[in-house]
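Enquirer: Chains as they are written, first to last, in the working numbering: chain A, 21 to 452; chain B, 21 to 452.
Since the hints were made in silico from the structure, they are not lab data. In this text, all values refer to a predicted model and were calculated from it rather than measured experimentally. Some clues are possibly wrong.
Heads up, the list lumps identical chains together, so a pair's fine if it works in one copy or across two of them.
List of simulated lysine to aspartate or glutamate pairs, EDC-like, C-alpha gap at most 16 angstroms [as the list claims (entries may be wrong)]:
1) LYS428 / ASP443
2) LYS384 / GLU445
3) LYS380 / GLU272
4) LYS51 / GLU387
5) LYS410 / GLU62
6) LYS43 / GLU57
7) LYS446 / GLU387
8) LYS384 / ASP449
9) LYS32 / ASP433
10) LYS213 / GLU426
Protein chains: 2
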Amino acid sequence: MCAQLLSTHPYKGTRDFYPADMKLRNWFFGKIRAALELASFEEYNGPMLESLEMYIAKSGEEIANEQTYNFSDKAGRRLAVRPEMTPTVARLVAAKINELNFPLKWFSIPNLYRYEAPQRGRLREHWQVNVDIFGCDTYEADLEVISTAITLLRAFDADSSMFKVHINNRRFFNDVIASIAGTDAEGSRRVSKVIDRKNKVPREVYEKDLVALGLDGEKIAKIDALYQMGVEEAAALCPESRGAQELLDLFEALRELSLDEYCVFDFGIIRGLDYYTGTVFEVLDEAPENNRAMFGGGRYDNLVGLFVKNTNVSGVGFGFGDVTLENFLVTHNLIPDIYSEGVKVLVTKFDDVPYTEYTKLVTKLREANIQSSIYIGSKKFGKQIDYAVKGNYSHMVIMGSSEFNEGKLKIKDLRSREETTVDAEKLTDYFA
Amino acid sequence: MCAQLLSTHPYKGTRDFYPADMKLRNWFFGKIRAALELASFEEYNGPMLESLEMYIAKSGEEIANEQTYNFSDKAGRRLAVRPEMTPTVARLVAAKINELNFPLKWFSIPNLYRYEAPQRGRLREHWQVNVDIFGCDTYEADLEVISTAITLLRAFDADSSMFKVHINNRRFFNDVIASIAGTDAEGSRRVSKVIDRKNKVPREVYEKDLVALGLDGEKIAKIDALYQMGVEEAAALCPESRGAQELLDLFEALRELSLDEYCVFDFGIIRGLDYYTGTVFEVLDEAPENNRAMFGGGRYDNLVGLFVKNTNVSGVGFGFGDVTLENFLVTHNLIPDIYSEGVKVLVTKFDDVPYTEYTKLVTKLREANIQSSIYIGSKKFGKQIDYAVKGNYSHMVIMGSSEFNEGKLKIKDLRSREETTVDAEKLTDYFA
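Please build the complete structure, drawing on both the sequences and the hints.
Expert: Take a look at the structure:
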């Protein structure tokens, strides 16, 4: 058909999902979907191709251009393969802002593409669970979102030794920094930028940058101290801050609901300076070999405003990817044997029995809601056994011409290796 | 944040899925996934971005370039947003050809993009169910695939008055045309091309083209007659054809399995000349207003050969899109009221009861596997009722300060309008 053979590799940084991979993904997303629906979150989705300008408006021309797959269509529209779901969900909310039933509790499990160097836990594409609440700007929504994050991990039997939710508040962060530094708004913004880069530069550079902004050693020490504090001690530094009060309310509610064992106040959580406006949090894997943020989220207030004038629909939410989740589940041994569960029956065949006699058996099994297949290949019986074993079938139904003439069947349990002869009429009773 | 507001419209020819839309899609794909798994089909998936050369190898440079969204990455790799799943699945099969457990019964529900003018039932993107069997080149696989197509529609309670499977065989088509026309292989190919265009040109043009290829009026009449024939009559015209025998075997098995009421032999089904090699079929909606092919499929033999030398893994399968399926279900009134099924509880709130008392109730409900939410907005009770009704909640749990002090709750059934007072401790018993 063509002289040169095509490559069988998927495009760099993307993945193929063979049935075993897909079964795993369906299993964990199925659990997540069920847990979210139980909590009355509703699923939405949007197109893979979106207008590039949405990502430019949110993240700037350079990031949008460099980190997305983007191109122009024949009419010159600039499109991106969506790199994240937040602009899409903001667009959906904006488009029906006068019809929707606020507060919204929404989730989505989109496939996302980012143009970046592939690395562990961060391919060029992944599937990402996005959970958001729109239209509630008080701590109750933050609580619901954080408790949902905990619920999702508990659905896999993860416990508080395996993960922790690290929580901060951007309003509190701004207020306490301004109060310690004694700077005006612009000065505080500059100090915040230095603090945001704290872990990315040597300690001397960090201190030098703060000194340049007018902070002395005492002030720097005060900021250092915040990283060691519990939530009450930190909040007490700036009691008039709305962010401090939000933190106190949130942590008190978490205690009331016995969720405090999963949560810690962490002044180090900032999550980018320009986007989040209130509560921010990350779920960290406690395993040292996997020690990174699995879930990240928080409150953002301005996204819907990109689409609709004079509106401010507050949002709070989080996201996490399939790769990160799978790493966590594997590390903590939380994936059961999903491949050899339940009944799955292979009806084997012989050439001296009419083929439709076998298809009738399969039809009966399926009508009784028993997962089953006829062997449709052309190999001999021995190979049909191999096929059944390799295909994780639990049972084989065997009907040679002598059984067929007597109206009988053999059923072989491939796990226990027991073989039973039954009346053909009673095939489905065996599995009842 | 930016001076000019962004558009809230999705990109032309693509769709947003709000929760009601998504619920419908999840409902029908859920039924399809369950029916396919019951029949031991296994789900796979692959990346949205694939090498453009796969589509060029299958469909030619022009179609691949014109009808896909394609672009180059920074390393100059030519990529396409996948327009169909078949090259991907052929690639997956080829990559593990020595490990896989043939015959494979595989399915996928990918999102696909085609660059074409949007029209009813054919947007620029859709979700497509793909069902394939690889590694069985006899009619048994054709039978399994066709009976699966019927099973999927029957899962929605569709009956044989609503759809029919129109079946032909490309081997039979080639053989019977050659036999009537008396032409050699090349001549028959030319005749086939004319017949393939039969419904797209005026009758005079069709006849003139056949006459130019040496067919007289008698031969043309013989070809016309084929369109009216049943399968036995047609097969008898060319009894030595392997395709004729495959048709007879297939239809006999369909009769044996009582599936013949869903199936008709239709000489008009060709489905493109270069791709299919044996059985071809289309499922047609019987409703006159929707009268088009819903499912299309058949046997193709050469795809895996694009990736691996000296191999011939025969495939047979079909595909259908979500838009087409939804049109069918709507037309035949096959969608039940999926929006107001089951129990869904809203816990309302009052300011004079501690908030965490409500969150504790919701936690209890969810632990008892009852879909529920707390009202997290800031509106008064009357608006909370509106929220519950608009959100399709079946029940409201009401606990004002007087009920709270007495350890009681009111439960309001929003469908029957009945209100019941229960002990707070017995909340979940009410729903048991």
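Enquirer: 16 angstroms Cα cut-off: does LYS428 pair with ASP443 within a copy, between copies, both or neither?
Expert: within (4 angstroms within a copy, 58 angstroms between copies)
Enquirer: Give the relationship of LYS384 and ASP449 under a CA distance limit of 16 angstroms: within one copy only, between copies only, both, or neither.
Expert: within (11 angstroms within a copy, 39 angstroms between copies)
Enquirer: Between copies, within a copy, both or neither: which fits LYS384 and GLU445 at Cα up to 16 angstroms?
Expert: The answer is within: 10 angstroms in one copy meets 16 angstroms, while 47 angstroms across copies does not.
Enquirer: Between LYS32 and ASP433, at a C-alpha cutoff of 16 angstroms, which is it: within one copy, between copies, both, or neither?
Expert: Answer is neither; intra-copy 43 angstroms and inter-copy 54 angstroms both fail.
Enquirer: With identical chains treated as interchangeable, where does the CA-CA distance between LYS410 and GLU62 reach 16 angstroms or less: within a copy, between copies, both, or neither?
Expert: Classified as between: cross-chain Cα gap 13 angstroms, same-chain 38 angstroms, threshold 16 angstroms.
Enquirer: State whether the alpha carbon distance between LYS380 and GLU272 is at most 16 angstroms within one copy, between copies, both, or neither.
Expert: Classified as between: cross-chain Cα gap 13 angstroms, same-chain 63 angstroms, threshold 16 angstroms.
Enquirer: From the Cα coordinates, with 16 angstroms as the cut-off, is the pair LYS446 and GLU387 best called within, between, both, or neither?
Expert: within (14 angstroms within a copy, 40 angstroms between copies)
Enquirer: Pop the pair LYS213 and GLU426 into one bin, within, between, both or neither, using alpha-carbon distances up to 16 angstroms.
Expert: neither (83 angstroms within a copy, 53 angstroms between copies)
Enquirer: When no copy is named, should LYS51 and GLU387 be tagged within, between, both, or neither for a Cα gap of at most 16 angstroms?
Expert: between (27 angstroms within a copy, 15 angstroms between copies)
Enquirer: Reference check for the pair LYS43 and GLU57, CA-CA at most 16 angstroms: within, between, both, or neither?
Expert: Between copies only: 11 angstroms across chains, 20 angstroms inside a chain, cut-off 16 angstroms.
Of the numbered hints listed earlier, those contradicted by the structure are 9 and 10.
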